[in-house]
Every structure is written in structure tokens, then in C-alpha cells.
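Participant: One-letter residues, chain by chain:
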Amino acid sequence: MIELDPITVEVVTERLIAIVREMRATMIRTAYSVTITEMKDFSCALFDGKGRLVAQSREDLPVHVVPMPWTVEAILETYANDVSPGDIFLMNDAYRGGTHLNDVTMLYPIFDGQDLVFFATNRSHWDDVGGMVPGSMSGLATEILQEGMRIPPIRIYDRGKPNQPILDLLFNNMRVPENRQGDFRAMLSTCRVAEQRTQEILDRHGLESVLACVDRNIERTESRIREHIRNLPDGTYYAEDYLEFYHDGLFDPVLLRLALGVEDDTIHIDFSGSSDQVAGVVNASLAVSAAGAVIALKAFFDPEDPITQGIFAPLTFTAAPGTVVNATPPVPCGAHAEIRRRTITLTAAALSSAMPERMAGDMQGTSNHTLIGGVDDRTGRSYVFYEVPVGGSGGFLEHDGSSVFGTVDWADNQPILPAEAIEVHFPLEVVREEILKDSCGHGLHRGGFGLQLELRALSRQATFSLVSDRAIVPPFGVLGGTSGAPNAYGIRSNGQVTPLATPGKASGVPLSQNDVVVACTAGGGGYGTPRKREPDLVAADVSDGFLSPEIARDLYGVAITDSGGVDIEATEELRAILAADLLEVFIVGEDESCVGDLGRHRIFRIHPTVAKKINLRDDDLIEALGAVPVPLRGWVRIANDMPADSVSLDIWGQRQLRVAEGSTVHLRLLRRRTAADLPIANGTSGNH
Amino acid sequence: MVANTFSVGVDVGGTFTDVVLFDHAERRAIVAKVPSDPNNQSIAFMNALTKVGATLSDVQRVLHGTTVATNAILEGKGSRVALLTTEGFRDIIEIGRGERTKLYDLKLIKLPPLVPRPARFEVSERTQADGTISRTIDGESIRGALKTCNPRSFDAWAVCFLHAYANPANEQSASVLLAELVGDTHISISSAVTPEYREYERFSTTVLNAAVAPIMNRYLGAIEDRLGDSGYRHPLLVMHSSGGVMTARAARQLPAATILSGPAGGVAGARAVARDAGIEDIITCDMGGTSTDVTLIKDGEIRHTSEGRIAGYPTRIPQIDIVTVGAGGGSIASVTGEALRVGPESAGARPGPACYGHGGVEPTVTDANLLLNRLNGDDQLSGEIMLHPDRAKAAVDRLKGLFPDFNTMDLAEGIVHLATVKMAGTIREVSVYRGHDPRDFVLLAYGGAGPMFASELASELGMASVLIPPHPGNLSALGLLVSPLKRDFVRTLVRQLDDMESSELATAYQELQADCDLEFEADQLSSQKLKYERSVDVRYIGQSSTLNLKCATDHPDPVALAAEFHTAHEIAFSHAASNEPVELVNVRVSAVLPVDSLDIIAEAPAEGNAIPTSSRPVTFRGTLIDCPIYARNALPVGTELDGPLIVEETGSTSIIWPSDKLWVDEWGNLRVEVGEK
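For the record, the sequence lines run as chains A and B. Start counting the first sequence at 1; every next residue gets the next number (this note's numbering). Start counting the second sequence at 1001; every next residue gets the next number (this note's numbering).
Only chain A is shown next, with the shape it has when bound in the complex (with noise of 0.2 Å):
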């Protein structure tokens, strides 16, 4: 046992650390494709031979750091005691550790002599893999060959020597294969990189000293999240939520469900209860489902502290194969970043009941991938416009969330495009770039506001498509806060607003010359109730123009004055009567509430009485408040055989909103169904 003393824990530590960020200044150098120079779509990393993450720098993106001990897993699996000096593996497989397939991930083992000591790991975003469009990601997907290659964990390099025809015959199924084969390169030099410098740290402090450094350091992430874990109460936390999915002129929302067991010093995520996978983009691997509530646990309890290995001990994972978060052959998995995003909502949204200090309303839920493209009139050329426009954060306990502002499972990437570098690029004129008046979710802190983009098209020609999701069920608020406006795409034409038949997708929707794109980005969710809120806050926010004073009045209960003040009076009067307002109804439990076609989703079932003292109408989606921060979200179902007063409430329901067969919940309405609305699947077909 070699005697360790901090300092060099330390030490050794920061010099891995420093490989990492030199592997990513290489990368930034040496590669080709704008997508990782530019938009840093990619993300280095150290393992040991075991195949335990060992460092990370603070810029790589927790979106493909987080999920990647799966990959090497998969590999490992695959090669286990079948590594020599100068292998190099390959893979991007959706199903086995990999995120989607245009993530592509380099293993390259580095050994001191004989021993496998580390492994260097890049995954880099490919511009394109193969597939049915350019650049390889389709909304329209419906099985995942059309998605790109399928890389299983190949030894791309053996001994030293490449595996050229396999790399042939990769390049010869990508678009542009040079710039692949730049990328390649690229990723090789970072591992060189990687290689050399972890040679130099050996050579300084020895094979034993570094390795048992590097214990240390895992198990110290690995007590600290322990300890945090110990903090809270055992038990289970419930959550559930949608993602938004359309077929056959129905919408069918796919259910994602979370039980997060409590164990002393453990956690066990349980995914069981979650839709069927489906044949759409809406599928994902139990990589970035699990590593979305990684991304959570991580925000909640040590958001400062690089991340090891040792933060994935204590937590466990059930995920049933062929269901949306654990997808098997052949669906498609192009939104993984939209289950990721939900997966990190589920786990916070469990956590809140614990931690509601720690929890902050919703954020928007999708990266809104907007693409315009068509024929540019002045040069002939077609074109590809595309952005992926950021909503509000939710509040939270200390402040007001941000408005326009990247999630939290982002980095340092720009997603708001400058107007000037749009109108100077493509046939599209910025009509307007605007805080979204009254988007955010209202609380004693409110959400963040969306954006209001519009964007016309110039052009005679012009298609244009959305990969988005909140669309309908919108970001939530907590403790009382409301939600914030959903993400709403719509078409202006001769001055009329179309919005999109089904909300968060479109594809290839022709637009006319000087049609306009309007893009409104969903609000943060609030947090806390909003008439507890400091009325001289929600008087600036009128005065500033971002809350009308209809808003203040009737969310708030904030009277504002004719020179916009508030109105202390006439405020308190509104305050009480808004603090009777909340409808407070019985609940009577049942076997299952939820139906479906290929998805499922809630069904609130009330009696004609309850609908009628807050207006509610059938499919209409509305939300119960129980006793967690976090409300459960369903659908209107008017039946006549419930009891007067009441609402149908299955066990998840109970369980997850920490309530009881005929104790109470309050409802509010969250979305009146409209005349445009797509029917909403109604099969009974509840046991998927």
C-alpha cells in the first residue's frame, strides 16, 4: 500500500485534468468539420483501465461526458482482455452507449509497458453519418438505418495498424468523407496527446503512485455524493411527463415515468411504467436517459466538483428493453436530446419532494431544431438555415430564472444566432428578435421569458421544419408557480398567423415569399406562488413592459396605478380573494389512469360539477397539485359516474403527488383544447 499524502492527489489530479483540456485545444486545432471548431460539438475524457471515468475538463458538455462509461463499457464488453498497445476502438451505436448516431466515440488505450493503464476517449459530433438527409438527423425517421451508420465497437486500429477496408467502408457511406476523415484524424492526435502527456506523469510519479491517486480521487467524488444521498429521507419519488408524438392524424403523447428509490446511500432509478418505443425519433438508450438523471443528481448536490467515475456508484438503473428510455432494433433515436432533457426533469421533479430548495421551475424541454432551406433567389445556390433557439429557466428559491438562456445540460455553445450574420448568410430577413411578453411561468420567482423570433423568407422557394417538443405540455412551475408558455412555432401569411397543425413538428412546410417564420420559445416554469411575489417586482415587470397589467391583476393579484405603481389597497383585496381561488377537489382512487394508442397519457376523469366551477372541458389539460413541489399533469375526462366534487386518481398519481384516496388536490387548467387540435388518442389500450 504506497502512502499518499493530499497534495499529490491533488497534483496528479489537476495534471490529468490538464491532459483533458489539452486533448480539447487539439481537437479545436485539428479538426474540420465548423460543428466541433465552432460550436464545440464534441467532448474528451480520461478513463482507467478499468474503464472508470477519471477526468474531465470544466468545458466538456455534460450532454456527451455524462453518458460515455456506457460506451467504454460496451466496448470493453466486447474486447474485455483483448487489448494490446496500438488498438484503437471505434463506435457509435444508439443502442449501446452511444447518444445519437452522429456522436461518434475513439477508446485508445495507453499502457505503461505491458499494463493497460488508461484509456483516452473523444466523441465528436459527425456532420454527417449516412442516412436519408444531409447531416443524417431527421424528424421523419421512423427506423434507425435511416438515421446513419450503425458503428458496433469495431478495433479500428490493430496493433498499430489501421483497419483500413472498415474504414473505407464507413467513409464511403458518409457524405463529404474528407471532412470525416479530417475529423478522424483530428480525434487520433487528441488521444496522441493523451498518450504522451500520461507517459510524462507516469514517468514523474510513478505507475503505483498515479494509479492509486486516482482511487483516491474516484472515491472521494464517490463519499461526497454518498454523503449527500445519506442527507436525504429513504424512500421512493415518483415523477412522470411526456414527450410529444403524432401518427396517423393523432396525437399521442409518449408517457416517460421515474421512481427514484432511496436507499441509505444509494439510488436506484427505476424507468418501468415508460411507453413502448415507437417508431419515430423519440426513442433513446439507457445512456442518456440514465445519464440525464446523472446530470440532475449532479445539479442538486455538487454542481462545483469535476466529475469521476465515483459519482456513478451509488446510483442503479432499471429500464425495461424496447421501451422510449432503453431502446432496442430498429427505431429511430435522433431526439435522444429530448429525452435526455425530460429524464433530467423526472429526476429533479423526484428529488423536489426532498430537496425543494434545490429544485427550480422547468425549462423549455427541447432544443427546437429549426431549419429553413430553399433556393436563395440572388445566387441560385440552395441553402440550409439552421438554429436551435433557447427559452426561459425556471425560478427558483434565491432569483427569478433567466430569460433566453441555454439549459442547464449546455455549455459554453452560442445558441442565438446573430440577426446581422442570418440577413448576411441566407435569403431570410429578421423581422423581429424580442423577449416574449408574459411567457415566463409565474411564481414568488418567476420563470425566465421566452423569445420571439421571426424570421421571413425572401426567397420564392422555401421549406421549412421543426424538431421541438413542450409544444403542448408546457414547462411546469413548482411549489405553486405556474407554467411557462410552451414552445409555439406558427407561419404568418398576409398578415394572418397559422400556428402548426401538430405543434413542436413540422416538416418540409412550403413557405411563400415573405412568409414569416414566428418562433416562440417556451417560458422558465415559476416557482413558488406567484401572489406571494413582491409586488414592487411585479410592478417593474409591468413597467418594463414584459407583464401586462391584466397578468398582475389576475395571477398576482398586484393592482397597479395609472403611473405604474402599485396600488397597496386595492393589492391586499386582491390577494385574498386570489387566496381562496384555487379549485380543491376529492380524490377517488382507480386501477390505471392511463390510455393510449402507441403512447399513453393521463386521464383526469372529474364530475360535470368540478368542470363547471373552473370551466373545464373534455381534453382539455390541466394540472393536480398534491403535496410534492412538482404538479401531475392529464387530460379532462367529463364522467358522469364520478362523485360530485372529485377526481380520478390512479396509485402512480397518488404516490407521485404524496397523496391519499379521499384526501384532496387542487386543479388548474393548463391548455384549453381548440377546434385546430388534432384528436388526442383515446385507445384503452392502458397496459403497454
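These are calculated hints, taken from the structure and not from any lab test. Treat the hints with care, as some may be off.
[Said to hold, decoys possible] Mimicking DSBU-like on lysine-lysine, the simulated pairs with C-alpha atoms at most 35 Å apart in a straight line are:
| hint | chain 1 | residue 1 | chain 2 | residue 2 |
| --- | --- | --- | --- | --- |
| 1 | B | K1400 | A | K40 |
| 2 | A | K40 | B | K1102 |
| 3 | A | K50 | B | K1677 |
| 4 | A | K50 | B | K1661 |
| 5 | B | K1107 | A | K532 |
| 6 | B | K1400 | B | K1077 |
| 7 | B | K1661 | B | K1298 |
| 8 | B | K1102 | A | K532 |
| 9 | A | K437 | B | K1400 |
| 10 | B | K1661 | A | K40 |
| 11 | B | K1486 | B | K1077 |
Take the given structure of chain A and dock chain B to it, following the hints.
Facilitator: For chain B alone, kept in the frame of chain A given last:
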């Protein structure tokens, strides 16, 4: 140079104001330091001149490095700015680009907007990307836009219109019309502050400029008055971020260009010192109390960038490519979980390290250095701050609870070592990012704390040698003296190179040069001796960052530029895509009025023997070694000594490690051959 003329450089920092008086005839420099007055920099400025005995009627150039603009922004004490902008875009200044600065933090909040919404006014006007004006502006529309406010109730105005870089006409008319309403209130217009595209970055720069303009105007006015009263008859020259000086008149118009005024002086000084010593490739390391500025100089060329940031807000004004690392002598050591951490929190100048005795209780890197005896406990920092080793020990001992097996000295050495390792990681990263291996460079260390860390830092980076210039604490002031008058002009002109008329490029250069000449005329300086440095920012279509290519003529051939770009890309990034179209983004001209090299005569004695003044025991890697101490000004040129040893001078201590070798070159620089640690 005429006999008996003098130049004087004054660099005002947070704690000290440094001054160098240079006698051109004798080629000697007189150096001094006085305490800064954070409330009124002009007092320390004049005190400094008095301290070096400057007779201002004999002084030809007064050069000034200032942190007035920088501090106003960092401390959020800028003036109240109102923004006039294009209809539909008033929130750009708040929306920004949406990026996060921290991972995993649900509670991260965005920077507050530089202008609150009620102070943002929209006017119906529009310029297209190609510079065509599709909606003109008139007095009616301006008055309409401002009908809800009293335009005189703000300290300054920023006029920021979409695509104003492509055609400033609407901004210029708006500025004229606005001036009628607001009288002599300062107005910054984006096309004049930084005519580069990308509206958020340009608007942010313009608003920052407006926010500090009234403050800078008052400050420079006060100094000019005092200088005039003392007999100075020439323009006051102010150091700007891109490594040249400009007149106070110009600095009033473009105060945002002084954000890196102080650090730029240091880099200019470092380059001059290295060039004299025949060294072309250096990494400069200016370590102060709270942060360390790092710059990479290759082939004697200082790198420039226009992508800056202050207090988190972007600036787009040409500046030296300086990377600031949030670690310095004041970095605090702490324990989180079971791990020892150094930084990023800093004790700053106040309360400062525990050993300053100003109420700091957390252990800092400076406290650790004091305990290790690398910093002299009997000395005073620049004669102003008394050090308290007992408080340093008490602070470091706070960590002992978690590391009971460790003695104070081990902890102190661990703190310094860890701080060095972290800084080395950053320096290596920024070097590799810029395409260089730090091992090919000499480390040039200055600033109060730089010379103390230099040897250990160089070792960590695998660098073989270190240079410590004379008066390392005053290098910024010295750098002012070698800085030429320089103005930078840019215009965004996005064109595909193989698709553009070469006459368009030539016209752009003619117009930019005319702008240069106008500026020098406004300063009543002759433009006859001006040297124009022309360059273009170019990239592959689809890339967002550019490479800067120098242009030898004012009528470069676009096709030849494209070919040159492929080669430059190959060199910079190890690959090129010769079939891909190349895009011009910005056209740049820098006008420089060169200054003569100073050719300073070394203060170090020309001959004699190096004799230590005393010795003290210093801890190196756990071993206590008695080190001879030498006074810097008594080390003769040509001295060669083996480490360990200490060189002391006012404001700085150089630590030469046991296996290092030291020699003093003919300019009085300490040169260290770095040994194994």
C-alpha cells in the same frame, strides 16, 4: 532625439501607481512606485511624477496606462446609458447569445442587461445586410421614439442600429438629430465604436463605451489640467488595448479601447525587453494579486484579437490577445469535501492575504510563500504593507484540521505547488489552442508575484529558460515608453473572395486610410510618417472564426488572398480545404507612427563580484535550504550563479531553485536556466 528631453510613463494599477522617467540623452530610466488612490487616480498620477522629479516643461511625451474605464465597468459604476436601436431589436442587449458559463448549475443566472428596458428606445429605420437603406430616419421618427422620456435625463446615449457597420448613414443622422435633443450629452454610435457585424457584440461594446465616456472625459480633463498647470505642452497619450497609444482626445471618444490599457503596456514592455535580448518567442506571465495575464509572442509578433470580454460582457475592439487566469498571490486555499483547492476565490487587494493584516483570515498563496520564506517576512511590500507571518501561519493552520498528518510547511508548499500546476495547465491549453508548444518559448515573468513563481512554473511547463526583466513590477510603465501612436480601423465587408471585384477591396482600403488620416488630423498630428498595416479577416464559408492575413498593398488581389488563406489555414490548423469557397469578413487598417527604441543602459553594475547581502532558510520540496540573498541592483552584468538563491528588489522577489542556474545579461535581465525540481 534632442538632448535633455524626457518621456514619462505612468501606469495606474489597483494597488500601486508605477512610473518610469526616461532621459533620452543619458538613456537612463528612473523608476518609482506610489500607492494608488482608488477614488481619484489623478492624485497618484501627479504624485508619481513628483516622485521621479519630472520637470514637465522638459517632457515631450507623457504616456498613461489607466484602469479608470476598466474599474468603472468591473465595479458596475458606469454612467446611466440610454439605447436607441432598430425597431424590433430593443431586447438584443438583454438576449445576448444564450450561452452558459457554468456546467450543471440549475441556479445559474444570466448577466444583467447593460441597459434596463425602460432606457431602450426603438426607432423605425432599417439598413439591409448589403448596406442599402430601406427605411431612412428623420427628426419626426426620433422625436416619436423618445416621446416617453426626457432625453436629457441620461448620462450618455448609445445609438445601435442593425447593419450599421455596412452603412453608417442612419446612425449618423440619428446621432445628429439626437444631439439636438440632448445637448452635449455623450453619444456613442456603433458604426464608429466598432464597425464589425454581429449585433449583440457590437451593441454591447457601444453601450460599454458610452457608459465610461463621461467618466473618462472628466478624468482625462483633470489630468490634462494638472499637466498643463505644470508646464506640459504636448498631448497626453493614453495606452490602448491593442498595444499602442492614442491621444486623450481620441480616448475620450473611444474609452472602451482602454480596457486593457495596463496589461497592454506590460506586454509592450515585455516584447521590447525580449527583443533587445535577442529573444523572439516568449510567453509573458504577469502575476498580480488576483489574476495572472498570459500572452504568447511568436517571432517577435504580438498576437491580436478583437474578441474581448469584460465583466462577462463582450467587446469587439482590437486588443492584444491576453488570456487572464483567475489565479494570483491572493488566491485562497480551501478544503471542499476532502480535497485541497486553490482558487478560484481570491482575497483580492482588500482584505488581501492574511499576512497583510487587513482582516483576511483565509490562507492564500502569498501567505504560503511567506511561510516558506520565499517572501521576506522582514521586508515590506514596496515599502507600504507590513507583513505578518504569524497571521499567515494561523491562516494556513486552518487547513490542518482536515490534514492532521501535515505540518504547516508541507501545507504551505502544497498550496504553492498546486497553484503552479493549475496555472501551468491553463498556459499549456492556451498555447496549444494557438498552435504552439510552450516548451519552444522563454517564460518572461513580471508583475509583483511573477518572479517568485517563474522557475517552478517553467519547470511544470517543460520550459528551459526564464527571463526576469529589471523592475519587474514596473514593466507596464516601461512598456508605455516604447509604444507607438497607433489607431485601428475596421470595416465588415462579407464577400466571397472568388466572387468579388478587387476594386471593392481597394476602395475599402482607401476609405479606411482616409479615416485614419482624419483621426490624426483631428489630433493635429502629421500623417506623413504614418505606417499603414493592412490586413483582412478571412474564413471558409460556414466557419464562425477567422484568420487574419496581412496585406502588403492597398489593392490586394482577392483570388491571391484566397490562395494565401488556404496555406495559412494549413499552417494554423494542420489542414486546408482548397476546394471550399473563402469568405472575406473584415478589412482592417492600423496606422502606426513609429517610435525609436529606447536602448536603455542597464542599471546593473558593469563589473564586479556578486556578493550576497545575507541569507535565509527556504523550503524547497520539503527540504529547508539556506539561500544566499542578493540585491538586484548590486548584481553585475555577466554574473553566473548556481541556485538556490534569492534576488530581491523593491516590489519583487525572484526565487532561483536549487538546480537552476542564474546569469545576468548585458541589459540587466535575470536569465534562469531552469533545472529539475
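Participant: Hint by hint, say whether it matches the structure.
Facilitator: Now for the hints, and whether the structure bears them out:
no.	hint	in the structure
1	K1400/B / K40/A	41 Å, violated
2	K40/A / K1102/B	15 Å, holds
3	K50/A / K1677/B	32 Å, holds
4	K50/A / K1661/B	44 Å, violated
5	K1107/B / K532/A	20 Å, holds
6	K1400/B / K1077/B	40 Å, violated
7	K1661/B / K1298/B	25 Å, holds
8	K1102/B / K532/A	30 Å, holds
9	K437/A / K1400/B	54 Å, violated
10	K1661/B / K40/A	43 Å, violated
11	K1486/B / K1077/B	29 Å, holds
Of the numbered hints given earlier, the model fails hints 1, 4, 6, 9, 10; all others are met.
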